[in-house]
Amino acid sequence: MDDKLKEALEFSNFRLTLNNQKQNLKHRMNTMLTIGYNGHMFTARLELINFVKQLLDLSVKQYVFLDDNENPVMVSDLMDFHSRLLSLYTEALNEYYVEHEKIKKMRDTKKLVGLNV
Amino acid sequence: MSNSEFDSGVLLIAYNNPTLEYTKLACIAARSVKKYMKHNHVTLMTDLPSYKQLQSSMASELIKLTFDNIIVEDIEHERNTRSHRDSPWSEFVTQFNNKNKHTIFHKSPYKKTLMIDVDYLIGNNTLDLIFETNSDLAMYKDAISVRNYEPRIWEQKLHPDGIDMWWSTAVYWRSDSELAKLFFGVWEHVKENYNYYKWLYKFPGVLFRTDYAVSIAVHILNGHRQGNLIHELPGKVMRFSEQIDDIAEFKDINDMILVCPDPKELWKSIASRVKNENVHVMNKMAILRHYPKIKQMIYD
Numbered sequence: 040m041d042d043k044l045k046e047a048l049e050f051s052n053f054r055l056t057l058n059n060q061k062q063n064l065k066h067r068m069n070t071m072l073t074i075g076y077n078g079h080m081f082t083a084r085l086e087l088i089n090f091v092k093q094l095l096d097l098s099v100k101q102y103v104f105l106d107d108n109e110n111p112v113m114v115s116d117l118m119d120f121h122s123r124l125l126s127l128y129t130e131a132l133n134e135y136y137v138e139h140e141k142i143k144k145m146r147d148t149k150k151l152v153g154l155n156v
Numbered sequence: 068m069s070n071s072e073f074d075s076g077v078l079l080i081a082y083n084n085p086t087l088e089y090t091k092l093a094c095i096a097a098r099s100v101k102k103y104m105k106h107n108h109v110t111l112m113t114d115l116p117s118y119k120q121l122q123s124s125m126a127s128e129l130i131k132l133t134f135d136n137i138i139v140e141d142i143e144h145e146r147n148t149r150s151h152r153d154s155p156w157s158e159f160v161t162q163f164n165n166k167n168k169h170t171i172f173h174k175s176p177y178k179k180t181l182m183i184d185v186d187y188l189i190g191n192n193t194l195d196l197i198f199e200t201n202s203d204l205a206m207y208k209d210a211i212s213v214r215n216y217e218p219r220i221w222e223q224k225l226h227p228d229g230i231d232m233w234w235s236t237a238v239y240w241r242s243d244s245e246l247a248k249l250f251f252g253v254w255e256h257v258k259e260n261y262n263y264y265k266w267l268y269k270f271p272g273v274l275f276r277t278d279y280a281v282s283i284a285v286h287i288l289n290g291h292r293q294g295n296l297i298h299e300l301p302g303k304v305m306r307f308s309e310q311i312d313d314i315a316e317f318k319d320i321n322d323m324i325l326v327c328p329d330p331k332e333l334w335k336s337i338a339s340r341v342k343n344e345n346v347h348v349m350n351k352m353a354i355l356r357h358y359p360k361i362k363q364m365i366y367d
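Line by line, the protein sequences give chains A and B. The working numbering puts the first residue of the first sequence at 40, with every later residue one more than the last. The working numbering puts the first residue of the second sequence at 68, with every later residue one more than the last.
Chain A extracted, bound-state conformation (with noise of 0.2 Å):
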């Protein structure tokens, strides 16, 4: 095979490679991102943890929020639940943000996986 053409598949495999870890990551942080809440499921999402700081602003002492499941839920104790969705982000995002910091320096299929062959 042409020289140039091998290096080119290499190269493309390896930006696939990297890519589809990438996903995995994204996929890792968006499982740590539920969190369970007065018998219910919610997602940590940026859109609802700044809904809630909003109420808070507001001085607004508890709401009704659909879960997960889309099932309406009163949340009574808002800083509490802000408290956690933020905390829950915040901890999902820089797990993903330090293991996405390793992947991006490599440059080798092999090692951007762990495979040593």
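In case anyone wonders, no lab produced these hints; they're calculated from the structure. The beta carbon of each residue, even a glycine, is placed where N, CA and C say it ideally should be. Hints may be right or wrong, so weigh each one.
[To be verified] Chain B side only, calculated, beta carbon under 8 Å to chain A, not exhaustive: (1) 192; (2) 200; (3) 210; (4) 211; (5) 219; (6) 259; (7) 289; (8) 293; (9) 298; (10) 303; (11) 318; (12) 324; (13) 340.
[Said to hold, decoys possible] Simulated pairs of lysine to aspartate or glutamate, EDC-like, Cα-Cα distance not exceeding 16 Å: (14) A/149 with B/74; (15) B/303 with A/49; (16) B/105 with B/74; (17) B/335 with A/49.
[To be verified] Okay, the calculated bits of chain B under chain A, using three or more residues with CB under 8 Å as the criterion: (18) 305-316; (19) 342-353.
Please build the complex by placing chain B on the supplied structure of chain A, with the hints as guidance.
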């Protein structure tokens, strides 16, 4: 209603066949549950020949360390042969004992049960969350492969224009729930009238698939519509590895490197490392090939 001896726990089912030693897979699943989950009381549901095989291959101390409770049944399995892939280049047919899976509702010793298939490897504590909810019943509807592909169409829907497919890989329920009781009853009914439902819902194949049975049960209980009566498990998306995928290496029990061919162009493979995730590894042979190393990881 079932006789609930324990508050919460994980139920595993393992019936060996001449080709696949499901009890070994159950040991791996049980130890991964114990390592990563808080609700980690584990019950193994098995049959007499499988239990004897387990006893002959493992010291009783290790069995006690792995399973908190073992239910041994004297049952005769109905014939249900299934074709398995082990990488794109190897295929085998073997007996698949899944026709009594719906009986877990009555047999589970837990008030809150999470049943997982023994090829579902637990790599984090996400599923603990479901025990803290008010959910009657929960499963996964959506899935994504370790190659980050969506499942094939017949694993997304029972028919391209049909109802959603729910995965019976992981099922959570409360034993005091009337909804759960109804659900398992409908599951049994669908099993007993499988050909009729196959015709009605227009799905292919001769193999009895519990995924299809639970999907029909969900559809019927939702009033023959889509609905949110049955909840989705935490994380909402189940990770899976296809039967054509192979496992290159286990770095740890929750850290593996897989070789994943493109389903449409099988000669094109990429490596995918999946860490800290729960993964449904459909190529059981691939897990068993690594059993000696995994055994060291989970017992040392």
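Against the structure, the hints come out as follows:
Taking 8 Å as the C-beta cut-off, the interface hint given for residue 192 of chain B is violated, the closest approach to chain A being about 10 Å. Given hint, residue 200 of chain B at the interface with chain A, holds; its Cβ is 5 Å from that chain's nearest Cβ, closer than 8 Å. Restraint check, residue 210 of chain B versus chain A: the minimum CB separation of about 11 Å is more than 8 Å; hint violated. Annotation: residue 211 of chain B was flagged as interfacial toward chain A, and the flag holds, the nearest CB pair being 7 Å apart, inside 8 Å.
Evaluation of the residue 219 of chain B hint against chain A yields a violated restraint, the C-beta minimum of about 18 Å exceeding 8 Å. This hint is violated: residue 259 of chain B has a C-beta 30 Å from the nearest C-beta of chain A, more than the 8 Å allowed. Contact between residue 289 of chain B and chain A, as hinted, is not supported at the beta carbon level, the nearest pair being about 13 Å apart and thus beyond 8 Å. Taking 8 Å as the C-beta contact cut-off toward chain A, the hint placing residue 293 of chain B at the interface is violated, the least distance being around 11 Å.
A least Cβ separation of about 5 Å between residue 298 of chain B and chain A falls short of the 8 Å threshold, and the interface hint therefore holds. The beta carbon of residue 303 of chain B comes within 7 Å of a beta carbon in chain A, closer than 8 Å, and the hint placing it at the interface holds. Taken as an interface hint, residue 318 of chain B checks out: its beta carbon lies about 6 Å from the nearest beta carbon of chain A, inside 8 Å. The interface hint given for residue 324 of chain B is met, as the beta carbon of that residue sits about 5 Å from the closest beta carbon of chain A, less than 8 Å.
At a threshold of 8 Å, the smallest CB-CB gap from residue 340 of chain B to chain A is about 4 Å, leaving the interface hint in force. Restraint check for residue 149 of chain A and residue 74 of chain B: not satisfied, since their Cα atoms lie roughly 45 Å apart, outside the 16 Å limit. The suggested pairing of residue 303 of chain B with residue 49 of chain A is violated, with an alpha-carbon distance near 35 Å, which exceeds 16 Å. Straight-line distance between C-alpha atoms of residue 105 of chain B and residue 74 of chain B comes to about 13 Å, which keeps the hinted pair within the 16 Å bound.
The straight-line distance between the Cα atoms of residue 335 of chain B and residue 49 of chain A is roughly 12 Å, inside the 16 Å bound, and the hint therefore holds. Coverage of the region 305-316 of chain B by chain A holds. Counting CB-CB distances below 8 Å, 3 residues qualify, and the rule asks for three or more. With 3 residues having a Cβ less than 8 Å from any Cβ of chain A, the region 342-353 of chain B passes the three-residue criterion, so the hint holds.
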